[in-house]
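K.L.:
Sequences are here, hints too, so could you generate the full structure?
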Amino acid sequence: MTTIPKAAQRQTPLRGPTPRRSLVPLKRRLEPYGYLSPTLLLLLVLMLVPIGMVIRYSLMDNVITNKHPEFAGLSNYAEVLKDSVFWVAVKNTAFFTGVSVIAHLVLGMGFALLLNTSLLGSATKAVFRVLYILPWLFTVAIIAVLWRLLLNPNGVLNYILQDLGLANSKVEWLASPSIALFSVTFINIWSGYPFYMMSLLAGLQGIPRDLYEAAHIDGAGPINRFIHVTLPQLRPIIVSIAMLDIIFTTQQFALIWMTTGGGPINVTEMLSTFTYKLAFNRYEFSVASASAVTIFAFSMVLAFFYVRYQKARD
Amino acid sequence: MEPKGLRRVTMQVGVIFALSVGAVFAGFPVFWMLVSSFKANPEIFELPPRVVTDNFSFDAYTTILTDPVKVRFFINSYVVALSVTALTLVVAILAGYALSRFEFPFKRPLNMVIVSVQAVPPITLLIPYFGLMVTLHLYNTYFALILTYMVFTLPYAIIMMTGYFNTLPKELDEAVKCDGAGTMTALWRILVPISIPGLVSVGIYTFMIAWNEFLFALTLTRTENMRTVPIGIQLLMGQHSFKWNEMMAMSILGCLPVLILFLFFQRYFIGGMTAGSVKS
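Going line by line, the protein sequences match chains G and U.
Quick note on the working numbering: the first sequence kicks off at 153 and runs consecutively.
Quick note on the working numbering: the second sequence kicks off at 2 and runs consecutively.
Simulated from the structure, these hints should not be mistaken for laboratory data.
Misleading hints may appear alongside valid ones.
Some chain G residues flagged as far from chain U (calculated, every beta-carbon gap over 10 Å) [said to hold, decoys possible]:
(1) 316
(2) 319
(3) 323
(4) 418
Taking lysine to aspartate or glutamate pairs in the EDC-like style, the calculated list, with each CA pair at most 20 Å apart, reads [stated by the list, open to error]:
(5) G:219 x G:436
(6) U:178 x G:183
(7) U:244 x U:47
(8) U:178 x U:104
(9) U:244 x U:60
(10) G:322 x U:44
(11) G:234 x G:213
(12) G:179 x U:175
(13) U:244 x U:55
(14) G:322 x U:175
(15) G:429 x G:213
(16) U:244 x U:104
(17) G:179 x U:104
(18) G:429 x G:231
(19) U:108 x G:183
(20) G:243 x G:370
(21) G:429 x G:235
(22) U:171 x G:213
(23) G:243 x G:231
(24) G:463 x G:397
(25) G:179 x U:55
(26) G:463 x U:47
(27) U:244 x U:225
Note that CB positions come from ideal geometry on N, CA and C, so glycine has one too.
P.N.:
Written as structure tokens, this is what we have:
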């Protein structure tokens, strides 16, 4: 990075450098790589090699189960793209992600604004904050069994709905083809909003008060203050967390696997469950790899925008 | 600017009402999980549902905690999560130090790689990981889980450690170096001790990711004695009859470590989760 000026280079011999001295700059230059070596090694073993492997798998006729796989070109990709279930999974993943991200943002913003109110004491707000963050403290496996209990046809939710006259029969929340996708999306909304809420709350507390006072003097009401002060100030946070959420929600596996397993008749099949079943239920590792590489390519497009956005903010 | 008198009271009532509705949405499922864990299994779906039933007891907890198979799930989860946390912290401290205190070629591209690694789908890595672990005879071992979990925990941990070191003045480590000590001494004697808050944030977040992981644990282990808590919960569901009370008790026990960490280190939690997404 730093180029040594010619004058300085010429001066060095005058000081009579020992061999040890000339080693110092090299050691200095190598030092950061020493500190980074565990990271670089792990990136190689956990990223570079596996991605190379999965791309190679996707071009072979069948791997892992077949001892001598042969090159098969792009036929596995053709098989994935011709599979109607794959396109159902694309559609479901898009719906699941789109609705989840919008609902997360709306709920997270709503709760953050409520928790940021100046109308209540900080102790009251602290109690509500702990309550609101609860869903975030549970692992997906727990969230899945918990909602299977609540959404059971004989469960407490159906009882409450029937009691209030909102439903007249037992709703099969997770087993009915017309409802299951909405149910798993709802569960994901429940489990994901606290992340937005806490990030936005931290953002709200960082907005300078005089911005609101200036807007107030200009005659802006609460809605105008929200649109013209709060939203622009929170924009970087909103874009960042929404991008991360899109990336992570499109990859959701455990929640679907433990609630519906992709069923009934594929109505909740996601790209992740589709690929998993190809590999570990049907042992078609090469077709599964082609699907996995397709998902990877899509994720890298998302990552590109995320990295570019982060860089633009620096 | 602050509303006064009656108007203020009306607004207060409105806010409390809205907050309470939200609290039911967030809290009721958790409350129901807790009360269900104290019921006998036939009482789970009794009509009308009751909060406290006739057979209120801690039996479900006793069953879980006296069953060596289920206790093993917890031991496995602790071993894996604590190992991942320790290893991640060491690797992230070293990398964060290099990225914060040195200028070197490829620094920017490396930063970009670390950020974008977070977006690589676990399902893409799962198939080659499975192949690798079988080839290396690490399939169905702790080591398979510890190694692969670091792919989730490291990028975040490095980004956060670099950010934390960047907030510390460079004069601190320069002073040590003037005394003739190397950069290693500067890092471990000076920077690490004053970075404890940052380390706690990173450590908690790492522990949580490892404690909650499901997909790799499902695929890279096979026998009951290697399964972790999330898989253990799924196994309870797979048996011929659903033991709902035991599932709920195991869920409560399974979320306790994270819950306790959260209650004691709330400030670090929030600092950690916002720093990870907002500043990188």
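K.L.:
All hints are to be evaluated individually against the structure, with a verdict given for each.
P.N.:
Right, here's what the structure says about each hint:
| no. | hint | in the structure |
| --- | --- | --- |
| 1 | 316 | 13 Å, holds |
| 2 | 319 | 15 Å, holds |
| 3 | 323 | 14 Å, holds |
| 4 | 418 | 17 Å, holds |
| 5 | G:219 x G:436 | 14 Å, holds |
| 6 | U:178 x G:183 | 14 Å, holds |
| 7 | U:244 x U:47 | 15 Å, holds |
| 8 | U:178 x U:104 | 17 Å, holds |
| 9 | U:244 x U:60 | 12 Å, holds |
| 10 | G:322 x U:44 | 18 Å, holds |
| 11 | G:234 x G:213 | 17 Å, holds |
| 12 | G:179 x U:175 | 17 Å, holds |
| 13 | U:244 x U:55 | 18 Å, holds |
| 14 | G:322 x U:175 | 70 Å, violated |
| 15 | G:429 x G:213 | 18 Å, holds |
| 16 | U:244 x U:104 | 58 Å, violated |
| 17 | G:179 x U:104 | 14 Å, holds |
| 18 | G:429 x G:231 | 15 Å, holds |
| 19 | U:108 x G:183 | 13 Å, holds |
| 20 | G:243 x G:370 | 47 Å, violated |
| 21 | G:429 x G:235 | 14 Å, holds |
| 22 | U:171 x G:213 | 56 Å, violated |
| 23 | G:243 x G:231 | 18 Å, holds |
| 24 | G:463 x G:397 | 18 Å, holds |
| 25 | G:179 x U:55 | 74 Å, violated |
| 26 | G:463 x U:47 | 56 Å, violated |
| 27 | U:244 x U:225 | 18 Å, holds |
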